[in-house]
Amino acid sequence: MQLKEIAKHINGDLVGDSIDVKGIDTLEDAKEGSLSFLLESSFLPKGLISKASAFISFGDLEKISKPYIKVKDPRKAMAEVILLYNPPQDVIHSISPQASVSRQASISEPVTIGAFSSIGDHTCIGEHTHIYPQVTIGNNCTIGKHCILYPNTVLYDGIEIGDHVIINAGCVIGADGFGYYQENSQWIKIPHVGHVVIKDWVELGANTCIDRGCLGNTFIGEGTKIDNVTQVGHNCHIGNHSALAAFVGLSGSTTLGDHVSVGGQAGFSGHLEVGSHTTIAAKSGVTKSVPSKRVFSGFPAQDHKEELKYQARLKRLAKKTD
Amino acid sequence: MQLKEIAKHINGDLVGDSIDVKGIDTLEDAKEGSLSFLLESSFLPKGLISKASAFISFGDLEKISKPYIKVKDPRKAMAEVILLYNPPQDVIHSISPQASVSRQASISEPVTIGAFSSIGDHTCIGEHTHIYPQVTIGNNCTIGKHCILYPNTVLYDGIEIGDHVIINAGCVIGADGFGYYQENSQWIKIPHVGHVVIKDWVELGANTCIDRGCLGNTFIGEGTKIDNVTQVGHNCHIGNHSALAAFVGLSGSTTLGDHVSVGGQAGFSGHLEVGSHTTIAAKSGVTKSVPSKRVFSGFPAQDHKEELKYQARLKRLAKKTD
Amino acid sequence: MQLKEIAKHINGDLVGDSIDVKGIDTLEDAKEGSLSFLLESSFLPKGLISKASAFISFGDLEKISKPYIKVKDPRKAMAEVILLYNPPQDVIHSISPQASVSRQASISEPVTIGAFSSIGDHTCIGEHTHIYPQVTIGNNCTIGKHCILYPNTVLYDGIEIGDHVIINAGCVIGADGFGYYQENSQWIKIPHVGHVVIKDWVELGANTCIDRGCLGNTFIGEGTKIDNVTQVGHNCHIGNHSALAAFVGLSGSTTLGDHVSVGGQAGFSGHLEVGSHTTIAAKSGVTKSVPSKRVFSGFPAQDHKEELKYQARLKRLAKKTD
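Chains as they are written, first to last, in the numbering used here: chain A, 1 to 322; chain B, 1 to 322; chain C, 1 to 322.
For the record, the hints were derived by calculation from the structure and aren't laboratory data.
Keep in mind the model is a prediction, meaning the values are calculated, not measured.
Mixed in with the good hints there might be a few duds.
If chains are identical, the list can't say which one is meant, so a pair holds when it fits in one copy or spans any two.
[Unchecked claim] Below, computed lysine to aspartate or glutamate pairings styled on DMTMM-like, alpha-carbon distance capped at 20 Å:
no. : residue 1 : residue 2
1   : K319      : E307
2   : K189      : E222
3   : K315      : D303
4   : K51       : E28
5   : K46       : E62
6   : K66       : D200
7   : K293      : E183
8   : K189      : D90
9   : K22       : D163
10  : K63       : E28
Work out the full structure, taking the sequences as your base and the hints as a guide.
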């Protein structure tokens, strides 16, 4: 593909001559003929020594005398160029003879179902959905259109999944919440009969768990992205377009608003609300409700600026004791 | 079902007139005819605006003029009412023709074994146990009666499971512990040939891992409940009726007593003992043995009251520097 | 087996008379005739009351009048003695008729493939490799010789695994990284088309996740050992002979050198480098690059001695306020 065609495709400005692009690569792996990516100014040192023949760049390149495409959003441009070189494949209608599909399930066309996948009674699978091998879907589930369920996904009974949802391998959706009462100093199980509702365009990382509601549902709003190995407790409600990094733990009945961002290994006490557009820093411990459009950090979590001031003061105090 | 029948079933006091209960719901989802639950006083604001027609309540309701059942333990009552509306189903004897069951395995009746589950040699499965699809059970395992093993449970060889045990999807029981010695600056594996013993009434959350012992066993005592994505290292010994929340990590040879509670994301250094009836707060890092009937928090964990005092003093000191 | 034979096998010094060793056990479980292990001086109190008839010991035993074998490295000796009593079994060539192996896959001999395992197109499996039931291997993967893949291992397409690699149950190798760009306040997926390369002698714990690179590869160097439930983000590069404990989280593009040790529940911000032979303590939060041959702890992580001093000063300051 010619560099000028790529520039046109991603709506960028070509600076320098067009070349024949032989492939796309990281700055480190690039060979002659490679197109590579300068996503921000911190990438420049690697760009200077890269063997790439051309770049997609966040801005003007003064010290690199190779052709480049200047774009407004280099991450968006990278995504578009990767798709150009790796176009998504259409789902072919194919149900493995080694799958176990209930006669009472309703499977649209086209749908791919891999070997050793198991689909329960009264479960509906929407068109263009790709179910990899070894997926287990219980009874009375609804999976929308254009979804991808990677191997070892487990959906317990009664789970509702929207369209364009991606569930990575090993996710468990709908296990019982961690709810007990005590009698004679023993834990007695509270049955969990609610469901899980996951809306359109959600992506769940590998080995992530979303527990079912006790009564009522656990809910993940549209466009929310959840990283690997994250735990969402029973009856949590996560709004739209939020993002949770790995190892985040939400205790039961935590509510996150829309556009909330949560850093890795943060934890939430449960029965609290996080306002929309709020960011919770990595490793925070959120113990009470926090308002919207703010940043919180620390344990117990407080306003991030207050936390930074507090930590700085402690450092100064400790220094004085020398 | 009539409200007065429910009151009788849960041994509660009906206040107001009996009604025809059409279903049970959360306070938020309740419709006319719904019975809902006021588990503690903090639920009252939601109760006031709930459309539920009746409640099960922790105490007297002054501002809500609807019938209610007053009970001593509303969580217990809720569990009993959920079971009333969702009676557990008997296990039907059914071994999927798509399962792989060793001829040398011993399967009681009735037992359900789902599609694509694999049962190894000399493994025994007790009656009324339900094995979902895609479960892998190795050789020489013993599973008791009335157990539930959800999809993708993996039991390595030689695992012993008691009666009434629930293992949620994706649990891995019996992987080798993380034990190595060093030679020429390289890590060399120490083989793990011990087993895992899990006693009656244990519940394990989704994607939780219990490593096998190196020599000797890893042990989970009766009635202990472990949340999702928890890691129990080799040769750990957890007593009876303890409770571990999500993301708790126990390094090898940690010993927890009976009735120990551990909050989410807490970690334990290994080769230490936690006394019975002790609580370890969320996110704690326990680096040495701690006695019984106490509460510990912080990292390194110390007596919880001391930790609170310490944090309060630091706050005051920091404030003074303003 | 005679104690003197064992002494010879592990190149240790027998002190006292040889006995007939009936088995190997932990100090607690040992019976008459058992050989047990005193790995370090802290084991002596348990050794004194152990019923073992002989020991392998780190040093001279003054208060225990039983025969023992003195060795330089008791952990190495323990590993060798365990192997003596539990010799590893040869892999028998056996492909389950209930497995799904692509005709375009290349399977060496001998290889074991268990029931319900699925091997994709153009995937190569080296000789003496044991694939347990329920393993899913995608297309275009390469698995070396003498590997063990436990049940529910998932390899996405294009994964490269060296020789002598052990992957415990529930691992997910090659899921997409957590990479998105924002448009109209929504997260749009950046496709991940890189691969994962895992070199010889690596061991991965149960339910661990290694994401694929976006462009370029995620890399795990030779001899590196990773514990259960660990998350390695896209494009991370881990050197040789490193060790990561459970719940460690590496954000995308983290680089760890050779011989790095990371304690449990530590986290890394991504796009940073950790020098070789450096240790990161448990629960640390590493927010910027750190040099080699050092120890770091705390959040944000700093030099461990500085962190200890800092914590000690805070304790002293807090005490003064009494």
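Status of each hint after checking the structure:
1. K319 <-> E307: Answer is both; intra-copy 18 Å and inter-copy 12 Å each pass.
2. K189 <-> E222: Only across copies: K189 and E222 sit 14 Å apart there, 32 Å inside one copy, limit 20 Å.
3. K315 <-> D303: both (18 Å within a copy, 14 Å between copies)
4. K51 <-> E28: within (8 Å within a copy, 60 Å between copies)
5. K46 <-> E62: Only inside one copy: K46 and E62 sit 14 Å apart there, 62 Å across copies, limit 20 Å.
6. K66 <-> D200: Intra 42 Å, inter 39 Å, cutoff 20 Å: neither.
7. K293 <-> E183: Close across copies (19 Å), not inside one copy (43 Å); limit 20 Å.
8. K189 <-> D90: Close across copies (18 Å), not inside one copy (45 Å); limit 20 Å.
9. K22 <-> D163: Neither way: K22 and D163 sit 35 Å apart in one copy and 32 Å across, limit 20 Å.
10. K63 <-> E28: within (18 Å within a copy, 61 Å between copies)
In this structure, the earlier hints numbered 6 and 9 are contradicted, and the remaining ones agree with it.
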